[in-house]
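A.B. asks: One letter stands for each residue in the lines below.
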Amino acid sequence: MLLYLCSLYGSFLKIGLFTIGGGYAMIPLMEREIIVNHGWLTAADFLDIVAVAEVTPGPLAINAATFIGYRLAGPAGALIATFGVVTPSLVTLLLLGNFLMRVILDPRAGRLLKGLRAALIALISAAIFTLGQAALIDLTSTLIAAGVFVAGAAWRRLNPLYLIALGAILGLLFYPY
Amino acid sequence: MGRQLQAASSEAVTLSTIFFVFLKVGAFTFGGGYAMLPIIQREVVERRDWVSKERFVDLLIVAQSLPGAIALNSAIQVGTRLRGVPGGILAALGVIIPSIAVIMALAAYFLPAFQDNAYVNAIFYGLRPAVVGLIAAAVVNLGRDILDHWISVAMALALLAAVLFLKIHPIAILIAGGLVGLILFRKKAV
Numbered sequence: 141m142l143l144y145l146c147s148l149y150g151s152f153l154k155i156g157l158f159t160i161g162g163g164y165a166m167i168p169l170m171e172r173e174i175i176v177n178h179g180w181l182t183a184a185d186f187l188d189i190v191a192v193a194e195v196t197p198g199p200l201a202i203n204a205a206t207f208i209g210y211r212l213a214g215p216a217g218a219l220i221a222t223f224g225v226v227t228p229s230l231v232t233l234l235l236l237g238n239f240l241m242r243v244i245l246d247p248r249a250g251r252l253l254k255g256l257r258a259a260l261i262a263l264i265s266a267a268i269f270t271l272g273q274a275a276l277i278d279l280t281s282t283l284i285a286a287g288v289f290v291a292g293a294a295w296r297r298l299n300p301l302y303l304i305a306l307g308a309i310l311g312l313l314f315y316p317y
Numbered sequence: 238m239g240r241q242l243q244a245a246s247s248e249a250v251t252l253s254t255i256f257f258v259f260l261k262v263g264a265f266t267f268g269g270g271y272a273m274l275p276i277i278q279r280e281v282v283e284r285r286d287w288v289s290k291e292r293f294v295d296l297l298i299v300a301q302s303l304p305g306a307i308a309l310n311s312a313i314q315v316g317t318r319l320r321g322v323p324g325g326i327l328a329a330l331g332v333i334i335p336s337i338a339v340i341m342a343l344a345a346y347f348l349p350a351f352q353d354n355a356y357v358n359a360i361f362y363g364l365r366p367a368v369v370g371l372i373a374a375a376v377v378n379l380g381r382d383i384l385d386h387w388i389s390v391a392m393a394l395a396l397l398a399a400v401l402f403l404k405i406h407p408i409a410i411l412i413a414g415g416l417v418g419l420i421l422f423r424k425k426a427v
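Which chain is which? The protein sequence lines are A and B, in order.
Counted the way the numbering used here counts, the first sequence spans residues 141 to 317.
Counted the way the numbering used here counts, the second sequence spans residues 238 to 427.
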């Protein structure tokens, strides 16, 4: 159990370290670590957890880490996964905050981050292929995904909460009971 | 950077105030970190004058450029600016405690009670494609900001092929992207 918790901490520390630019940046890393490498969750479970993480208060990355940790190892797992994902923030900002602000406002850091964000787009796009296979299982679910995509891309300031709620309502209405 | 390191009003701010302000932000903002940022701005810039508007923009740039959740990174920076390391830790706790409490309560009591319920299955049947649609929309919205140069577009496509066909680890892809960006964007507009 202790070994398992250490491995959980290690995985979430790795995810936290490379989640640069917010919650969606975490998705390809979690997909690789949690679904592919460790086989801890299925893609469908993972999507359920992301949906719950979007509609509960707080940052997506924290909510998802707490939830996945709980699913894998109960309350201890929830705390350890959350601690893993927040460790890099605490270490860098508590100890190096002012120094890092100078570094990040340097043009070289800007170029590095621009390249990193282009890589991020590639990674999130690739994750959509894997996750889509678990979610787009028939015509109705494909239409729900397409509708949410169009709405989310057209109104980028729209809170994702509303689109998640839309998915829930459409699911209730059109589920093949 | 000749700017002052601490906000002018820092003497008046107690650690418990920092904690409760961020607890409120953590507890009442739904929809992920991006939905939290305007609320944090309202609390710390407009209502409390803890951080100037310009400084807050700098904090956001740092928050988005470092590892971790953006809302958490912003909170830690505001807390640290006001009351040093203890301020940063309490701001972080304020943001994450509601997440941990709500998710653990859901995972422990709420969701198990509704397992194998037809309506819950129907809701998740709709939620899964909605999440995929949201992620796809996030790609497009990010792409509009980032892919403004042919080099970025070519890089994103090459790296997408590397992930899909060569199954290279995402961390290796991120490092490669950063290094290539550092070299290739040297003389181009950044």
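A few of these clues could be false.
Distance condition first, Cα-Cα at most 30 Å in a straight line; then the derived DSS-like pairs of lysine-lysine [claimed, not checked]:
| id | chain 1 | residue 1 | chain 2 | residue 2 |
| --- | --- | --- | --- | --- |
| 1 | A | Lys-154 | B | Lys-261 |
| 2 | B | Lys-404 | A | Lys-154 |
| 3 | B | Lys-261 | B | Lys-290 |
Quick list of simulated restraints, FRET-style, between CB atoms [stated by the list, open to error]:
| id | chain 1 | residue 1 | chain 2 | residue 2 | range |
| --- | --- | --- | --- | --- | --- |
| 4 | B | Ser-289 | A | Leu-142 | 32 to 40 Å |
| 5 | A | Thr-282 | B | Gly-321 | 47 to 55 Å |
| 6 | B | Ser-289 | A | Leu-143 | 44 to 52 Å |
| 7 | B | Ile-298 | A | Leu-235 | 27 to 35 Å |
Quick look at which bits of chain A chain B covers, simulated, 3 or more residues with Cβ under 8 Å [said to hold, decoys possible]:
| id | region |
| --- | --- |
| 8 | 145-153 |
| 9 | 203-217 |
| 10 | 268-278 |
Worth flagging that the hints you see were computed from the coordinates, not collected in a lab.
Beta carbons are placed, not taken as given, at the ideal position from N, Cα and C, and that holds for glycine.
A.B. asks: For every hint, state whether the structure bears it out.
C.D. replies: Verification of the hints:
no. : hint                                 : verdict
1   : A/Lys-154 with B/Lys-261             : holds, 29 Å
2   : B/Lys-404 with A/Lys-154             : holds, 18 Å
3   : B/Lys-261 with B/Lys-290             : holds, 21 Å
4   : B/Ser-289 with A/Leu-142: 32 to 40 Å : violated, 47 Å
5   : A/Thr-282 with B/Gly-321: 47 to 55 Å : holds, 52 Å
6   : B/Ser-289 with A/Leu-143: 44 to 52 Å : holds, 48 Å
7   : B/Ile-298 with A/Leu-235: 27 to 35 Å : violated, 19 Å
8   : 145-153                              : violated (count 0)
9   : 203-217                              : holds (count 6)
10  : 268-278                              : holds (count 7)
Of the numbered hints stated above, those contradicted by the structure are hints 4, 7, 8, listed in ascending order.
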